[in-house]
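**Q** Line by line, the protein sequences give chains U and H. Take the first sequence: its letter number 192 is residue 192 in the UniProt record's numbering, and every next letter is one higher. Take the second sequence: its letter number 19 is residue 19 in the UniProt record's numbering, and every next letter is one higher.
Mixed in with the good hints, there may be bad ones.
Claimed, not checked - Some chain U residues near chain H, calculated using beta-carbon distances under 7 Å:
1) Pro47
2) Ala49
3) Thr51
4) Val108
5) Asn173
The set of hints was computed from the structure by calculation and includes no laboratory data. Quantities reported herein were computed from a predicted structural model and do not represent experimental measurements. Glycine included, every Cβ here is placed at the ideal spot set by N, Cα and C.
Here is how the chains run, residue by residue.
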Amino acid sequence: MEIGRDDGRTANQLRPLACSRNILNRAHGSASWSQGDTKVLAAVYGPKAGTKKNENPEKACIEVVWKPKTGQIGKPEKEYEVILKRTLKSICLLNINPNTTTSIIIQVVSDDGALLPCAINAACAALVDAAIPLKHLAVAICCCLTESGYVILDPTKVEEQKMKAFAYLVFPNSAISIIPEGSSHMEGELMEHGIITSVTHGVMSVDDYLHCLERGQAASTKMSAFLRRSLQSQAPNDSSRAG
Amino acid sequence: MEDNTPASFVDQLVVPGDVVLDLSKMGNQTIKLGGGLHQDCDAITVTKAGRLRFSKPNKYWVESSQKRYVPCVEDTVLGIVVDSKADNFLVDIKGPALAFLPVLAFEGGTRRNIPKFEAGTLLYVRVVKANTGMNPELSCTDASGKAAEFGPLKDGYMFESSTGLSRMLLSSPTCPVLEALGKKLSFEIAVGLNGRVWVNASSPSTVILVANAIMNSESLSVVQQKIMVDKLLQRIQ
Numbered sequence: 001m002e003i004g005r006d007d008g009r010t011a012n013q014l015r016p017l018a019c020s021r022n023i024l025n026r027a028h029g030s031a032s033w034s035q036g037d038t039k040v041l042a043a044v045y046g047p048k049a050g051t052k053k054n055e056n057p058e059k060a061c062i063e064v065v066w067k068p069k070t071g072q073i074g075k076p077e078k079e080y081e082v083i084l085k086r087t088l089k090s091i092c093l094l095n096i097n098p099n100t101t102t103s104i105i106i107q108v109v110s111d112d113g114a115l116l117p118c119a120i121n122a123a124c125a126a127l128v129d130a131a132i133p134l135k136h137l138a139v140a141i142c143c144c145l146t147e148s149g150y151v152i153l154d155p156t157k158v159e160e161q162k163m164k165a166f167a168y169l170v171f172p173n174s175a176i177s178i179i180p181e182g183s184s185h186m187e188g189e190l191m192e193h194g195i196i197t198s199v200t201h202g203v204m205s206v207d208d209y210l211h212c213l214e215r216g217q218a219a220s221t222k223m224s225a226f227l228r229r230s231l232q233s234q235a236p237n238d239s240s241r242a243g
Numbered sequence: 001m002e003d004n005t006p007a008s009f010v011d012q013l014v015v016p017g018d019v020v021l022d023l024s025k026m027g028n029q030t031i032k033l034g035g036g037l038h039q040d041c042d043a044i045t046v047t048k049a050g051r052l053r054f055s056k057p058n059k060y061w062v063e064s065s066q067k068r069y070v071p072c073v074e075d076t077v078l079g080i081v082v083d084s085k086a087d088n089f090l091v092d093i094k095g096p097a098l099a100f101l102p103v104l105a106f107e108g109g110t111r112r113n114i115p116k117f118e119a120g121t122l123l124y125v126r127v128v129k130a131n132t133g134m135n136p137e138l139s140c141t142d143a144s145g146k147a148a149e150f151g152p153l154k155d156g157y158m159f160e161s162s163t164g165l166s167r168m169l170l171s172s173p174t175c176p177v178l179e180a181l182g183k184k185l186s187f188e189i190a191v192g193l194n195g196r197v198w199v200n201a202s203s204p205s206t207v208i209l210v211a212n213a214i215m216n217s218e219s220l221s222v223v224q225q226k227i228m229v230d231k232l233l234q235r236i237q
């Protein structure tokens, strides 16, 4: 049954996505990601020599700074920083540049719902722009549960405030592979159907959560195709290269 | 949808996470992996976004352009002296770690004639050792011990670019921008593979013109580069 959303989207429809890379001159990698009216700018600096005091010097270290649009930095911003740091740490290959620090700075340009997933997507695109070695890309999506029990994707701020519960889910991107599908089966779960991060708010039943996961997984394949196209369309033009 | 031959991904744009080679299907060949590829048991995955390249007989790598540099042996780079210690100069080459330049790594270098480089001196150097986790080591001589143009670069103007632009400037046959500029102007240029370019000419306006032409030429095709250079040259003559 169709439920009516304020802006006329269906339950599974995402807002228009836009991604642009290499927008900041001085940052080593930068990207801006917008989903509808939510827009986040991410800048990556590094890898630079040296790690912080409590970090393992045999691995690269990642540091995240979150800058809100207005107001002082408080507990919600610190929480976002920790979530982003753990998510990005799991997609980076940390053994390649030991004893270095990569700093990622997130600046919120406008917030209209699904802010953390938008920031994760922007940070991932910025890491690719800075050529930090990654295991795979991360695609983030927000699924929420309405009062009447329907799962909708990518809410606006107004919709988010009316929700019973919501979950931010981060999946690895769908990769093209030379190995045919099915040969990477592990105990019934295909390798690429993993999940990297899940942050939930509110109260939902287990079945609803599994339903959110399914919908999020389906939407993540679409977003991952969009991310691949936008990364490829800005590849350097090498038709003038010789040999 | 994919045919399982390695040639199917060569010369295509790939993103991190793509599996491009399956070693279990390739028999007993030895293959060499360059930058941007990582081995995960039997699968070779991509770690940087770019174009996958293959060169006979057995080399695979991902070509991409970025602002930071990954040190490789036998690369010639432009470094800036940051500090000097008893045995080494500490040189910044835009990589993950500072590089060491031994004080004796000059032609005819002995303990008595150690050069004095202040912080901020620009040097044209060669990378001798580049291992993960260690600081790279540099040298101001070529493999046989001669000076060969390495050393401090005086006067002129240095600007930063991306590694892709540096590779394009150093490609052979000569890059169209440099060819078109060289026909009308006289200047000298040093290109570091770490994304730094140094230009020197007799007048500052020539230096500015050459620097701007090079900076604008990164994303242009051959014909567009020639047109851009012609337009810039028309403005000053």
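**Q** Look at each hint and say if it fits the structure.
**A** Against the structure, the hints come out as follows:
1. This hint holds: Pro47 of chain U has a C-beta 4 Å from the nearest C-beta of chain H, less than the 7 Å allowed.
2. The closest approach between the C-beta of Ala49 of chain U and any C-beta of chain H is roughly 5 Å, which is under the 7 Å cut-off, so the hint is satisfied.
3. Nearest Cβ of chain H to the Cβ of Thr51 of chain U: about 11 Å, over the 7 Å cut. The hint is violated.
4. At its closest, the beta carbon of Val108 of chain U sits 24 Å from a beta carbon of chain H; the interface hint therefore is violated under the 7 Å criterion.
5. A distance limit of 7 Å between C-beta atoms decides the matter here; for Asn173 of chain U the minimum to chain H is near 6 Å, and the interface restraint holds.
Hint check: violations occur at hints 3 and 4; the rest are consistent with the structure.
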